[in-house]
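Chemist: What follows is the residue order along each chain.
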Amino acid sequence: MNDRRAIGRALDAHLHLLDRQVLDRDDVPVTTVDDLELVGIELGAAIDRDAAPPRVTAILTGSDLATRIFGGRPPPSRRVRIPWELVAEIGTAIRLGVAGDTLDATWAERWVSDHIIGRIPGGRHDPE
Amino acid sequence: MKRLFSVALGILTAIGGFVDIGDLVTNAVVGSRFGLGLAWVVLVGVVGICVFAQMSGRVAAVSGRATFEIIRERLGPRAGLANLGASFLINLLTLTAEIGGVALALQLATSVDPLLWMPVAAFGVWIAVWRARFRLLENVTGLLGLTLIVFAVALFMLAPDWNALAGQALQRGTPQDEPVATYWFFAVALFGAAMTPYEVFFFSSGAIEERWTEKDLATSRLNVLVGFPLGGLLSIAIAGCAAVVLLPASIDVTSLSQVVLPVADAGGKVALAFAIVGILAATFGAALETTLSSGYTLAQYFGWSWGKFRRPAKAARFHLSMIICLFVAVAILATGVDPIVVTEFSVVFSAVALPLTYLPILIIANDREYMGDRVNGRGMNAIGTVYLVIILIAAIAAIPLLIITGGGA
Amino acid sequence: MILSDLLGSDVVDAHGRRLGALVDVRLEVSGRPRQLLADTVVVGILVSPRSRFSTWGFERRDEHAPAIVARPQRWLHRGMFLVDWRDVAVVDEGRVTLRDGAEHLDPSLREAPRSH
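Line by line, the protein sequences give chains C, E and S.
Mapping of the first sequence onto our numbering: position 46 corresponds to residue 46, and the numbering continues sequentially without gaps.
Mapping of the second sequence onto our numbering: position 124 corresponds to residue 1124, and the numbering continues sequentially without gaps.
Mapping of the third sequence onto our numbering: position 101 corresponds to residue 2101, and the numbering continues sequentially without gaps.
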């Protein structure tokens, strides 16, 4: 769904994005927005007034939830990113334009599905 | 008939809240000690749960977001986690009690030791959650649970002194031989049971399972207005039966067989059979409700895929967490703990879970970005605000009362 | 940089005087529409002079209900203002310094977009 009305729309990151549900192309839940990655801010460096503004580059999930609850800072390598360019629509949920099972963020879901739930009889059938 | 099925969600939700195994016994205990002196609490609770279940159903139908998603969204990860922890423990303790309750009901019917029935009960719940469609679950358990109306019928057949019952119901304050703290402990316990948070988790998630949209708001309202008052009525009828039969005989209710005693008194074996079927359906329904609610809350907090409308492999962590919950419940029961005592502890966790559940619902039900024109009206906000204050007071009072009275002993 | 590193930072003016806490970051969906959603950039920061307590947006939107929540929220976050990102001089850990003469703008969100 290409939401053209969204162009030029103002959003507040905490109010409108943080902790919202992320859905894939087919409305399957993927994760929640645990944090956002911003590119273009360098700690302690003077900001040039005419420089391009910082951009949102990814939705972060996984270890970022734990650090928001308990504090601390995980190594960036442990982060699970969903690139921002995959976002198709922002509403009461964040909708992606791709299928969820192609993403790193659904790795745990796929593992449980393949190794446990999918192996129990009836696990791959629709309910009756 | 179709009309009846369309309110099955509300009926099942309310049965889980008002007449699950813990409440069946609590209601009878209250009736045998206070008569109908606490019936007013049930009325207050019915109105409260109607107000907030209606809001949560409306939010789910209009925005497509279930209750724990909005709890996480408004409260953030920390307060959301506090609520998740408390709500999850309530769910797990209630689930444990229900599995035990199903086993006790089967014991009433078959005289086989409940310890043998417990794994069977847990397996039955799992099969239903694993394979049956959502509609089937709610229709079967909701309809069979209606046989609990036999308690109301029994109350009439006992031909009680209605003036005396009304006198109890309208009487101010506590009976002379009961301490004030005990009276208020049971008042808070009944209120907490009526407004127990898994009802809104289940109701709003059920609305998504049934794919309600803005067009279904009338159905949602009907579900709320039929289901919860019915649950409250059953709850009062059980207390009434106990008040008529057990209070004069000074029988202290400690087991399920004493709960059904008045029904057997009034209507003999046939009525007793109805009561047992009703209890079986109610406890089984409550077990389903709490099992699913455990999965719903976890999945919605973490953003996992969930729902019975998907095949299990497409909601893998949701199903795995429910399987683990059922194992834990059976493990707790295997220690020989009394399943009914287990639910009393959930009052403590309600103190955290109740305000943190109903506050975000009230906020989102007023948010135009979620609700468009379907935001709360002034009346709904006024009554929602009053209840938020009552909930807060009950939550603050719950733990001191539990300690002072030693669990109402 | 992640968003939660910014949230809760102290905001100080060019002379080091504390102005409040950074409670939110204003974004704008801009640029050319691509196959999916266009670029989203930071256009400003929201500063609340008196409270770090989480905000539910009442003070930025024309929402007053339910009063039991809206009133205290509006009171806690009274005086909230928006600062244009071009008026931000330095971002340090836990501290954001504004440029001299940074303007305090009206923080309200124009309209309430709704979609699902």
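Please keep in mind that the hints were generated in silico from the structure rather than gathered at the bench.
We put the beta carbon where it would ideally sit given N, CA and C, even for glycine.
Some hints could be false.
[Said to hold, decoys possible] FRET-style restraints, in silico, Cβ to Cβ:
hint, chain 1, residue 1, chain 2, residue 2, range
1, C, Thr102, E, Gly1406, 51 to 61 Å
2, E, Val1337, C, Gly72, 32 to 42 Å
3, S, Met2001, C, Pro121, 45 to 55 Å
Chemist: Each hint: holds or not?
Modeler: Each hint tested on the structure:
1. C:Thr102 x E:Gly1406: 51 to 61 Å: 57 Å, holds
2. E:Val1337 x C:Gly72: 32 to 42 Å: 38 Å, holds
3. S:Met2001 x C:Pro121: 45 to 55 Å: Given about 49 Å between the Cβ atoms, the range holds.
Checked against the numbered hints given earlier, the structure satisfies every one of them.
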